[in-house]
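Participant: Sequence:
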Amino acid sequence: CAAIMSNDYAEYPADAPDKMVDFAKVHGLTVPYLVDEGQMIAKAYGAVCTPDFFGFDASGGLQYRGRLDDVGMRDDPASRVPELLNAMRQVAETGRGPQDQTPSMGCSIKWR
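Position 41 of the sequence shown, counted from 1, bears residue number 97 in our numbering, the numbering being contiguous throughout.
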């Protein structure tokens with residue numbers, strides 16, 4: 057499991073790696089953080105916005121593509137539903153992701 061940032065942070069400094077590390081801390085993400093300098097990973101998986109979450113099973117099969125949680129732009133994290141975490145727990149328990157998945161919504165990827 058890893059977090060991968062594909063934005064062109066040279067043109068958009070708010071998306072610089074140190075800012076994304078802060079984002080990960082705020083959202084409790086404890087996975088390795090990688091930078092997709094050539095944007096090849098984003099293109100290969102068809103990522104279109106940030107954040108866009110992809111969850112895989114042990115054999116590399118895509119089981120979840122959706123949002124982190126249901127908070128969106130709300131400031132009420134206490135009542136949030138952790139959709140990514142719940143989906144990956146389901147994958148670990150059953151080998152399959154949830155049937156209903158809500159797409160991520162955010163800013164478009166800043167392409168070079």
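Where hints are given, some of them may not hold.
Straight-line Cα separation of at most 16 Å, EDC-like style, residue types lysine to aspartate or glutamate; simulated pairs [claimed, not checked]:
| # | residue 1 | residue 2 |
| --- | --- | --- |
| 1 | 99 | 156 |
| 2 | 166 | 67 |
| 3 | 81 | 67 |
| 4 | 75 | 64 |
| 5 | 166 | 113 |
| 6 | 166 | 78 |
| 7 | 166 | 92 |
| 8 | 75 | 92 |
| 9 | 81 | 156 |
Pairwise CB distance ranges (calculated) [as the list claims (entries may be wrong)]:
| # | residue 1 | residue 2 | range |
| --- | --- | --- | --- |
| 10 | 117 | 96 | 16 to 24 Å |
| 11 | 141 | 101 | 32 to 40 Å |
| 12 | 101 | 137 | 32 to 40 Å |
No wet-lab data here; the hints were simulated from the structure. Where a beta carbon is used, it is the ideal one built from N, C-alpha and C, also for glycine.
Participant: Looking back at the hints listed earlier, which ones does the structure fail to meet?
Facilitator: Checked against the structure, the hints that fail are numbers 1, 3, 5, 6, 9, 11 and 12, while the rest are satisfied.
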